[in-house]
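Protein chains in written order, with the working numbering: chain A, 380 to 748; chain B, 807 to 1016.
It should be emphasised that the hints constitute simulated quantities derived from the structure, not laboratory data.
Some clues are possibly wrong.
As the list claims (entries may be wrong) - Straight-line alpha carbon distances no greater than 25 angstroms define the calculated PhoX-like cross-link-like pairs of lysine-lysine that follow:
{"#": "1", "chain 1": "A", "residue 1": "K659", "chain 2": "B", "residue 2": "K916"}
{"#": "2", "chain 1": "A", "residue 1": "K607", "chain 2": "A", "residue 2": "K594"}
{"#": "3", "chain 1": "A", "residue 1": "K387", "chain 2": "B", "residue 2": "K916"}
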Amino acid sequence: MSLARQLKLLVIEALASSRAQPVASLVATLIVAGMCAAVFLTTGRTVGAEQAVLSRIDDEGTRAIVVRADAGAGLDASVVTRIQNIEGIEWAGAFGFPRDVTNSAIGPGGEKVALRPLWTSAPAELGIPATFATFGANTAWASTDALATLGMRQGAGGVQAQDGLGYGVLGALRIPSFLADMTPTLLAPEATFSGRVATLIVVARDPSLVGPVGKAVGGLLDAEDSSKVTITTSEALAQLREAIRGQLGSYGRQLVILIFGVSAALVAAVQYGLVSMRRKDFGRRRALGATRSLIVGLVLFQVAIVSAIGSAAGALVATVALLLSKDPLPPWEFFVGVDLLAVAVATLAALWPAVFASRRDPARELRVP
Amino acid sequence: MLVAEKVTFGYSKGTTLLDGWDARFEAGSVTAITGPSGRGKSTLLYLLGLMLTPQGGAVLLDGNDVSGLDDAARARLRAARFGFVFQDAALDPTRTVLENVTESALYRGKPRHEVYPRAQELLTRFGVAVRATARPGEISGGQAQRIALCRALLHSPDVVLADEPTGNLDPASADVVLDAFRGHANGGAAVVVVTHDPRVVARCDVEVKL
């Protein structure tokens, strides 16, 4: 007989046994449902709150390293190519010194907006097409507020600097949080990495990488006068974020271990009680030809089935309770993870009673005094 | 077919219930094992049924020593070639009559539903006049023992071992059980019955006294 067929028979028999013993199945289901609901309503609520807090501080701004260079610092745009191989960088771009421009259709009397040259190998992050060079030199992209300030209702037009240099303006920029200080934003991407840099922004892939990436970037600046360069990072915020995650995570883990431990002991005790009450049943099964492994499998599958039902019920009850109390819900991965863990814990807890059941001696259990 | 060869067994150290005991149980015959209480009749039946392992000697089936097999192999052999009738029927109270009759199919790797027709046929043959969906708690002792008989004969085993199968039965039900044993033995099986009842002994081919 193939293993798949054997497993199928075992699952069918375990299902039938669970149905045939409704009270025992209900007790096991309720224990696992209670275990899952307790985890979701305690640790799950904490995880939801943690997610909410972290999502507030875990934006790109938290992970940004900002290098500011004064006019005499001599920081060249080639720094972007030097730092692009540093491990842990999500995005990097250098911004040149700003020059005021006005809508060329209005003339020098129009509202002024600062136009900055941009050097980056990932312009698409800002909504600038990677093929920007095909639009020709002196082409700029503006944020929506810059377009509004310039009075470009159609979202395109031309701007002119005081020295008469003109730029075509195409489309709108996407402004990530690390560019918030530069709004309204008007950027002219440069195809060659050459020119004086006023601001270099590097975004680390993870808050924990802000410190090491900042140090690596600092070592590759190669400015003519490093005393005129300042590096600002949000490392303290990143450390706070890690501290929050560490504290809440540790608290949650301890609570989950406690709840699962107590529930596992309960499942083991209840299963042992049920198996003891059904010693004759297992003795009969052994006499009729059930192997020990079949009986162990039968008991474990039975517990796994009712645990799966119990964990789903626990998740449902906890979700409704969290929604009613307007608490943040943990992510779905947390639900799935806890439910799978609950089934595994309950099934493992039933291992000892299952082995006890499989070792019933038919000669002893079936003997009539 | 089934041979006990110098079988020795005791439940605790220093006490021997069976000491070098020999017997043969031939195919086509019904053998009664008799003797006073406490002499090891049921123990012998469990030894023959591979539920206990002799401390000395061997149990041979078709000339092969089967008492020395490992636990799983003995369990598979019980499921495939043995049928058991216990004194108190030993039905599963949580399952239906039909499920009780077909239980051992699971241990032979067959889904119960595949043997439902055979189970129905046996229930009809042995006059089990209850719904197939009834549970043991709803039926009489006589009906329960007939159901246990159906369970034992479901797979037409080569050996049927019965421990006081008529002990709690009225004469009519006892006759049904004994007729069934006779019919099964006539089909080529060895039937071994532990009993105190002289009427049962009178209907057996061989009597083995302990």
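For each hint, the structure was consulted:
Distance hint between K659(A) and K916(B) is fulfilled; the C-alpha atoms sit about 23 angstroms from each other, no more than 25 angstroms. At roughly 17 angstroms between alpha-carbon atoms, K607(A) and K594(A) fall within 25 angstroms of each other, so this suggested pair holds. Of the pairs offered as hints, the one joining K387(A) and K916(B) holds, with about 11 angstroms between alpha carbons and a cut-off of 25 angstroms not exceeded.
Going through the hint list in order, the structure satisfies each hint without exception.
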